[in-house]
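Residue numbers (the working numbering), protein chains in the order written: chain A, 1 to 340; chain B, 1 to 340.
What you were told as hints is all true, and nothing was included just to trick you.
Any copy, or any two copies together, can satisfy a pair, since identical chains are not distinguished.
The calculated lysine-lysine pairs, modelled on DSS-like cross-linking and capped at a C-alpha distance of 30 Å, are:
hint	residue 1	residue 2
1	K124	K98
2	K223	K320
3	K234	K124
4	K320	K226
It is worth saying that the hints were derived from the structure and are not from the lab.
There are 2 protein chains.
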Amino acid sequence: MRTNRTFRAAAVGLGMLLTVAARASAQGDPLPSWNDGAAKQGIVTFVQAATTPGSASFIPAAERIATFDQDGTLWVEHPMYAQLVFCLDRVPALVKAKPELAGKEPFKTVMSGDRAAMAKLTMKDIETIAMATLTGMTLDEFNAAVTRWMAQARDPRWKKHYNELAYQPMLELLAYLRANGFKTYIVTGGGQDFVRTYAEATYGIPPEQVVGSAGVITYGYDKAGKPFFMKEPKLLLNDDHAGKPESIHLMIGRRPVAAFGNSTGDQQMLEYTKTGSGLRLAMLVLHDDGVREYAYGPAQGLPDTKLGTFPQSLYDEAVKSGWIVISMKNDWKRIFAWEP
Amino acid sequence: MRTNRTFRAAAVGLGMLLTVAARASAQGDPLPSWNDGAAKQGIVTFVQAATTPGSASFIPAAERIATFDQDGTLWVEHPMYAQLVFCLDRVPALVKAKPELAGKEPFKTVMSGDRAAMAKLTMKDIETIAMATLTGMTLDEFNAAVTRWMAQARDPRWKKHYNELAYQPMLELLAYLRANGFKTYIVTGGGQDFVRTYAEATYGIPPEQVVGSAGVITYGYDKAGKPFFMKEPKLLLNDDHAGKPESIHLMIGRRPVAAFGNSTGDQQMLEYTKTGSGLRLAMLVLHDDGVREYAYGPAQGLPDTKLGTFPQSLYDEAVKSGWIVISMKNDWKRIFAWEP
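Full structure from sequences and hints, please.
This is the structure in C-alpha cells:
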C-alpha cells in the first residue's frame, strides 16, 4: 500500500511539474500542440489581424463569432459517433422496458451483439434507433442518462471516456480564440441536448453556444403542477449541410468570421462564413493519421468510411476558396492531452 | 444657416449636460425612473442577493439569464404591435408588385384605408397579411425594409419613431442587470428577424440574444454562386405561451433566473423561470396608466383590448406565485426618455 501511495504521490508530483511546464510553454506559444506550418500560421495571422485596432481587417469584438463542427473536428468520430454508441448502449434497457421490440428490427440485430450485422444497419435503421433511444422521455431523464453514460462508457481503442477523445490542438485553438475575444460555438449535426450535457466541461463552451440537431420538445406539467419538458419523436432542426448556416442564422443571427469542419456536412457553413465581407478564416481537419488516430476520406486516396466524408471535391473547393486544410499527421504535434 | 448651426451646437451641448446629469444621478440610483415601492425594491433586493458572493442565494455569473418579452413589456404595444403596423404599411407595395391581390381579402380591406373595417380583421386575416409581407424575400431584402421603415415610420399618438417608444424604466432595468453580470435576452412572440434589426440599438441586446417567432429560412445561391437566405412562408417556431419556455430551451438551454412579461403569452415563461430552484424573479407590467400610456387588461377592471391580455386569472397567479406586478402608473416616475 505504501509503495502504491508513494508511487501515486510521485505521479501527482510529476503531473504538477508537467502542468507547470505546459503552462510556461503556453505563455510563449498559445498553440503548443501545433507544429509550425501553414495551418498554425494561418490561425495566428488571422487572430492578430482581427484584433489589431486600426488595422483594415480589424473585427469588432461583438462580431468575433467562431463556429466549430464537433464530430471529427473537435473529437474522434471513428469508427462510430459517440452519440450513436450511446443510442446502441441504450437499446437493452429500451427492450427491457418495451419487450415487444425484442423481435423487431433493427432492435433485434442490436440485441444480437453481432458486430458484422450491426455494421450493415442502414441510415433508416439508425434513425429508428435514435428516435427510440433519444426521445419519449423528459429532458431531465435524458440529461441524467447522458451524464451517467459519459462518466462510464469507454471507447473501444484507447479505453478512454469519450470526452477524453477531444483533440488537444483544437482545445488550444478554442482557448486561444476566446482569449482574443472570440465567442466559440459548436455547430454540430449531433443532438443539441446531447452535446450540451458535456460541452462546458469538455470544451469550455456553455449550453447557449451549442447549436445542433434538435427534436421538438413540449412544455407540460407533472402531477404536482411543476413544469417539465418532454422530448418528442419529431425532428425540428437537422443541423447538417445547408442546415448548418440555417441554424446559425436562427440561433446566433450573425455570420461567423471563422468556421472549422471536417466533412461535406460542414461545406455550407464554411462557404457561408468565407463569403462574408472582410477578414475570414475557414479550416478543414483532414484525418490522414492512421497511426495516431485514423486515416479516412477519399481526398488524397484515403479510404471512404462514409463517416465525416472528405471527398476530393471538398478538397478542391477548399483549395479554390482559400480554406486551410489541417493535416492531423503533419500539423498536430500531439493529438490527445493524455498522450505520453 | 448660422442660426441653425448655433442652435444645433447649443442643443448638442444641452444634450451632453443632460447625459452627464443622468449619469451622475444613475451612480447613486441605477433605476432613477422608478418610484420607490415594492417593484423597485424587489428588483434591487434580487440583484443584491444574486450577486453577493457567499450568500445562500448567490447566482454564478454564467447562470444569470434574464428574459424579457418585448411588446407591452419593453415598449408600447397599443393600439397595434409595431410589427403589425410594418406589415400593413407594406401592403400597398405588395399589391403593386402583385396586382392580383388588389381585389382579394384581406388586402382589399387594407388598401381601402377604412380604419373601422381594418379593426375587424380576424387573426387569420392578420396571419395572411403577415405571411405575405414578411416572407417570400431574401433575408437581406427583409432586413433593409425593416431598417428603412424603423427610420421613417412614426406612431399615431406621439409621432415618435417606434424605437423611441421603449420604456425608460425597462431600459434602466436592462442596463442595471447587465452591469451586474446578467445576460439579457428578448423572448418575444414577435418575429425574431424583425426584432433583431433594431434590438442592439434600442435595448443594447445583440442578435444572438433575441429569441422570437421564426419562419423557415432556406440557404441558397444567387446567380453568381454567392449564398443567401430566403424567408419561406412557413412558421418554424411560435414563440408565445408554452412556445416561450420551449424556445428558451432550444436557443439558450438554461432556465432563466429572472423573467419579465405583461400578458398570458408570458405566463409559461414566468412559471418556468419561477419554479427553478434557488433565487428567482418574475415580474409583470400592468398597463394601468391611461394618461401617460394606455390602460387595458381586465385585471382590476381595465378594458380588454385583446392586446397583451392581462386577465384576472393572470393577476391571481402572480399573487399566488410571488410574481411582482409593476404598476406603470405608480411604479414608473417617467415612461419615455423624451418626456419633458
